[in-house]
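Protein chains in written order, with our numbering: chain A, -9 to 60; chain B, 11 to 200.
It is possible that some hints are incorrect.
Computed, partial: chain B to chain A, Cβ under 10 Å [as the list claims (entries may be wrong)]: (1) GLN62; (2) LYS64; (3) THR65; (4) GLU110; (5) GLU129; (6) GLU132; (7) ALA170; (8) GLN182.
Footprint (simulated), chain B over chain A, 3 or more residues, beta carbon under 8 Å [as the list claims (entries may be wrong)]: (9) 12 to 26; (10) 34 to 48.
In short, the hints are calculated from the structure, not lab data.
Even glycine gets a Cβ: it sits at the ideal position worked out from N, Cα and C.
These are the residues of each chain, in order.
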Amino acid sequence: MRLLHRNCREVTALVLARQDRELGLGERVLVRIHMLICKACPRFERQVALMQQAMPRWRGYRDGSADLGD
Amino acid sequence: MTDFAHAVQALRPQLIRFAHAQLRNDAWAEDAVSETILAALARPQAFAGQSQLKTWLVGILKHKLVDQIRRHSREVSATTDDDNEDIDALLFNETGHWREAPAEWGDPEAALGQREFFEVLEACVDKLPGVQGRIFMMREWLELDTAEICKELSITTTNAWVLLHRARLRLQGCLQDNWFGRRADAAPTP
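Let's have the full structure, built from the sequences with the hints guiding it.
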């Protein structure tokens, strides 16, 4: 089952890669399967989703409001 | 000076801070901001009260920052030991399993609704090592895609992905340490 089974380090890399490139079909399957059998990685995936959601708002704070960080 | 020139000048410290966060170099940041201010003062009619002055200036600054990055691409992409550190080895054991499982961060809105969260996020981005910080900012603040980043810096796609990967892992760790980890209310254990 090595074909379909990847460790957390490899799956984490794919979850992060998704921020910068589109995953191939095989990679998407690997991530989905791993998320069903792992307790830790789904949390990491949710953390990454939160960081992704944060980015446009961070840009908004920086670029628009007059008082962040001065 | 006109009111307009005064208003532009008053925003200079913020522009310097933003430019420095992107370029990580005092002289280049000064140049980018000076070019921005000159461009703004040359065509005040282009602003004409649309949106906020700061937003307009930051829009100009972003273009000037890309010019600086292009001009200094070799130095911008010269990695340090910190950039090259294998963050994965700290997080995963030899068999690729988490040394310490990631925490539950809870409802995103609980964090994203607070301006203090963005101050912590900003501090975490500022703390990223040189090239990782620049590339992360190019991707998430200048909103360039990896193809554009690779073109401006003359680096390979694989190289860019590795640096972004490490930057994001560092950011995750920094947010854990400085925001989620210290707030009991934001991190309920499932």
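Now the hints, each set against the structure:
no.: 1; hint: GLN62; in the structure: holds (6 Å)
no.: 2; hint: LYS64; in the structure: holds (6 Å)
no.: 3; hint: THR65; in the structure: holds (5 Å)
no.: 4; hint: GLU110; in the structure: holds (9 Å)
no.: 5; hint: GLU129; in the structure: holds (7 Å)
no.: 6; hint: GLU132; in the structure: holds (6 Å)
no.: 7; hint: ALA170; in the structure: holds (8 Å)
no.: 8; hint: GLN182; in the structure: holds (6 Å)
no.: 9; hint: 12 to 26; in the structure: violated (count 0)
no.: 10; hint: 34 to 48; in the structure: holds (count 12)
Going down the numbered hints, you'll see the structure goes against just number 9.
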